[in-house]
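Number of protein chains: 2
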Amino acid sequence: MAATSKVSAMPLPAASTMQVAPPEWRVTIIEEGSSVKIEHEFGPARRAYLAISTKASTIVKMLWRMGADDPRKVVHGLKVGFALAVVSLFYYLRPLYDGVGGAAMWAVMTVVVIFEYTVGGSLYKGLNRAAATLTGGGLAVGVHYIASKTDEAWELVILNSSVFILASVVTFSRFVPAIKRRFDYGATIFILTFSLVAVSGYRVDQLVNLAQQRLSTIAIGISICLMVCMLICPVWAGSDLHCLIIKNMDKLAESLEGCVEEYFSGKEAQKARGYKCVINSKLSEDSLANLAAWEPAHGPFGFRHPWSQYQQVGAAMRSCAYCIEALHSSSHSEIQAPELMKRHLSEACIKLSSKSSGALKELSACMECMQSSECLSDMVKEMKEAVEEVKSAMKSLPTQCNNELGLEKDDDNMVMKRQSLMESMPLVTFVSLLMEISVKVEGVVEAVEKLGGLAEFKPSGSKF
Amino acid sequence: MAATSKVSAMPLPAASTMQVAPPEWRVTIIEEGSSVKIEHEFGPARRAYLAISTKASTIVKMLWRMGADDPRKVVHGLKVGFALAVVSLFYYLRPLYDGVGGAAMWAVMTVVVIFEYTVGGSLYKGLNRAAATLTGGGLAVGVHYIASKTDEAWELVILNSSVFILASVVTFSRFVPAIKRRFDYGATIFILTFSLVAVSGYRVDQLVNLAQQRLSTIAIGISICLMVCMLICPVWAGSDLHCLIIKNMDKLAESLEGCVEEYFSGKEAQKARGYKCVINSKLSEDSLANLAAWEPAHGPFGFRHPWSQYQQVGAAMRSCAYCIEALHSSSHSEIQAPELMKRHLSEACIKLSSKSSGALKELSACMECMQSSECLSDMVKEMKEAVEEVKSAMKSLPTQCNNELGLEKDDDNMVMKRQSLMESMPLVTFVSLLMEISVKVEGVVEAVEKLGGLAEFKPSGSKF
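Note that the protein sequences, when read in sequence, are chains A and B.
Under the numbering used here, the first residue of the first sequence carries the number 1, and numbering increases by one thereafter.
Under the numbering used here, the first residue of the second sequence carries the number 1, and numbering increases by one thereafter.
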């Protein structure tokens, strides 16, 4: 990490004349007017330098690209630094120091561990930490009070076995999915606080005083952290989830169109690979939806926005994406259908794919402006009509091909037909997957409509 | 959590006679010999009790099932409790207390935060914590030394701005995927330690002494934690990953067979859904593979076992599972192929599916005993032959059907044929996906063979 930090602090480290010495020295040498002779030596130092500089410039470029792609990540780094600098003042400045005492350390620690990229993440950790510190601390004080009524040997046994039992049970409960999802961090902090207070209570007499001090510093840490997180360029998990779903829906629409184009034109379409993003974004969707549930109302999203329904939309999209994956592999099958058959079906198939992807695009537009669409039901109807057209094109396929090939009354008829069914297999598969995809698109439409109902999308017309 | 703990401590709470009062009261009331009258009242208390007892018994059953399904989770809870109880002794017992001082708190904290379910997880966190504490603390002492050479105002500026800069840069670097995967926890601890030492250094004179004390306690915490984790019923991420892949491969084989059976027999086969597990286990595979890389040699796995190749095997299996998902939806299509055609193809298809799933089962058996298989290449050859048989069955399909239907010279011939192509679409799709699946199975075979080469599987014959 130290290396990384140095590199990103000086983004252009020594790209040329550094045969002589490690990168840091270069500027010095040039300033001193070093001789040209050294520049022509190709010793191991030069080779090492080249390797290092290549590696360093790769890293710098990568970091630079990462920052340029999403400047919010840079801002997040600065926010953490700022929050820490602010909280450090509690230590440095004497009046504040007298106020919170040596426990100010807990404020620093709180900021470091609960400051997350999204507001939801920080709230989740902050609220978990606050609740777990309160309950864990309270319980520990209670146990300590009971233990203090007994003699010293029993006190040790009671305190130590309570730590053992509580730690075991709470650790086991972390495996429960519902607890894992919402209170995983809280469970850790609960065990931590309970152990620390129970254990330190054995030495420190003023237990309640200590607990109170610790709570106030943790409260300071949490509030500074949340204020910085929410007031300076906040990153909302909810908005991110919303945008991710919209972006994925567009990608799905494009890759569907792309696959069909690729198949019928034979040209590689880059956009045809977009469905892979949809397949791989389950993890992001789930974690964003979990975090979004902790967030207050922001932007167009109310307090109890139905974030879990976004996961349903995501699941419907993934089910569609699996079909596109199969479509993609069937379009790259070794056996290729005769051009004639392809040409016959291409129009209907392209129409169906453009109707399906049109419906997806309309959905993403609806979600973007959070309006329900007037023309969506028409689009779905058109999509279904396009399916019927594909079906009738399929029905008219053998006649037409046979006619054009002039095989109608030929003796070789049967052989050719057999051949043609074999050859048409990938095409038939392709077409039938395309029809399957339109069914899956209907599933996405239903999921989005349900979302629209739950989130009370505005009834006005779509933007098209 | 408190409720959970109580419930799981007494696993059979009041399954029968508890109409009177909430669960906790029952024993008391019975002991006091309470009147029968109360048992027949159906007031709000009774309703509340019923609701609570139903809920409680659900939770208990769920926890019980969870523990019974995987007793290692219960053992993990007990291990954490044990490690904490041991480390607490450092606080309780006076001689030890004098040795490590008030910093013993850090040992407790270390155990709580680095004790993970798998050995790999604990090692990852433990090593990260140790390295980050050393580097962060060392750097902070250095910065502090420089700052102490200046006057007080400058000292404040230097310390505070170094906290700001380092925290920003390290936080940003956490977004780099490679750092995120391996050093995410270390980055947090680095910032934490640096801030704490830099900040507390301003007050505490004996900085080096403090740092040394803290390091020794953290070392105690890490060693207790790792010893308990590795010596008492260790859970190895590596073995878990190995078993997960094997189990998923069996599921894949079963669900392939199940889908084909379901299609041709028309009966629901429960095992046909197994492929869904394969689709959903990417997250587990990735995290287990990351953690396994931290683990020392254990069982049959050497120190540099190629864990990342398991991810490749998993990816190949998922690509196969997507195809089975498409197969599954095509087998539930609305249009059903004529029984005649289905019957004609069923034998070849069932043979192909059993050859494909046989190859998968052989692979899983190979992986289980970590041997390379002698008969695998034969099985793949047989699978390819089965593909050819399916193809020739497809070729002979139209003739046969037409013959049996007696339509060869009929005038309605064309109409029937059109109808039959339309009707045969789902069947053709099904068959062609089945052939595609055999290609994907070859991909899995290749991935496993590469794994076998990297992990040096024993060359002996397979167990069949």
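Hints in this document: simulated from the structure, not taken from any laboratory.
One thing to keep in mind: the hints can contain errors.
[Said to hold, decoys possible] Below are the DSBU-like pairs computed for lysine-lysine, each with C-alpha atoms no more than 35 Å apart in a straight line:
hint: 1; chain 1: A; residue 1: K450; chain 2: B; residue 2: K61
hint: 2; chain 1: A; residue 1: K276; chain 2: B; residue 2: K55
hint: 3; chain 1: A; residue 1: K282; chain 2: B; residue 2: K361
hint: 4; chain 1: B; residue 1: K391; chain 2: A; residue 2: K180
hint: 5; chain 1: A; residue 1: K384; chain 2: B; residue 2: K276
hint: 6; chain 1: B; residue 1: K395; chain 2: A; residue 2: K351
hint: 7; chain 1: A; residue 1: K276; chain 2: B; residue 2: K61
hint: 8; chain 1: B; residue 1: K351; chain 2: A; residue 2: K276
hint: 9; chain 1: A; residue 1: K391; chain 2: B; residue 2: K391
hint: 10; chain 1: B; residue 1: K61; chain 2: A; residue 2: K391
hint: 11; chain 1: B; residue 1: K247; chain 2: A; residue 2: K395
hint: 12; chain 1: B; residue 1: K55; chain 2: A; residue 2: K180
hint: 13; chain 1: B; residue 1: K458; chain 2: A; residue 2: K391
hint: 14; chain 1: B; residue 1: K395; chain 2: A; residue 2: K180
hint: 15; chain 1: B; residue 1: K247; chain 2: A; residue 2: K180
hint: 16; chain 1: A; residue 1: K271; chain 2: B; residue 2: K61
hint: 17; chain 1: A; residue 1: K282; chain 2: B; residue 2: K61
Quick rundown of the hints versus the structure:
1. Annotation: proposed proximity of K450(A) to K61(B) holds, straight-line Cα distance about 33 Å (limit 35 Å).
2. Under the criterion of a C-alpha separation no larger than 35 Å, the hint pairing K276(A) with K55(B) is inconsistent with the structure, at around 41 Å.
3. Between K282(A) and K361(B), the direct Cα distance comes to roughly 29 Å. Compliance with the 35 Å bound is thereby established for this hinted pair.
4. Restraint check for K391(B) and K180(A): the C-alpha separation of about 50 Å exceeds 35 Å, so the hint is violated.
5. Only pairs whose Cα atoms come within 35 Å are accepted, and K384(A) paired with K276(B) is accepted, the gap being roughly 29 Å.
6. With a C-alpha separation of about 30 Å, the suggested pair K395(B) and K351(A) falls inside the 35 Å cut-off, and the hint holds.
7. Restraint check: the Cα-Cα separation between K276(A) and K61(B) comes to about 39 Å, which exceeds 35 Å; the hinted pair is violated.
8. With a C-alpha separation of about 32 Å, the suggested pair K351(B) and K276(A) falls inside the 35 Å cut-off, and the hint holds.
9. Restraint check for K391(A) and K391(B): satisfied, since their Cα atoms lie roughly 24 Å apart, inside the 35 Å limit.
10. Distance hint between K61(B) and K391(A) is unfulfilled; the C-alpha atoms sit about 52 Å from each other, more than 35 Å.
11. Of the pairs offered as hints, the one joining K247(B) and K395(A) is violated, with about 44 Å between alpha carbons and a cut-off of 35 Å exceeded.
12. Pair hint K55(B) plus K180(A) holds up; C-alpha atoms about 19 Å apart against a cutoff of 35 Å.
13. A threshold of 35 Å between alpha carbons decides the hint, and for K458(B) with K391(A) the separation of about 54 Å lies outside it, so the pair is violated.
14. For the hint pairing K395(B) with K180(A), the CA-to-CA distance comes to about 55 Å; that exceeds 35 Å, so the pair is violated.
15. Distance check on the hinted pair: K247(B) and K180(A) sit about 24 Å apart at the alpha-carbon level, within 35 Å; holds.
16. Straight-line distance between C-alpha atoms of K271(A) and K61(B) comes to about 49 Å, which puts the hinted pair past the 35 Å bound.
17. Restraint check for K282(A) and K61(B): the C-alpha separation of about 30 Å stays at or below 35 Å, so the hint holds.
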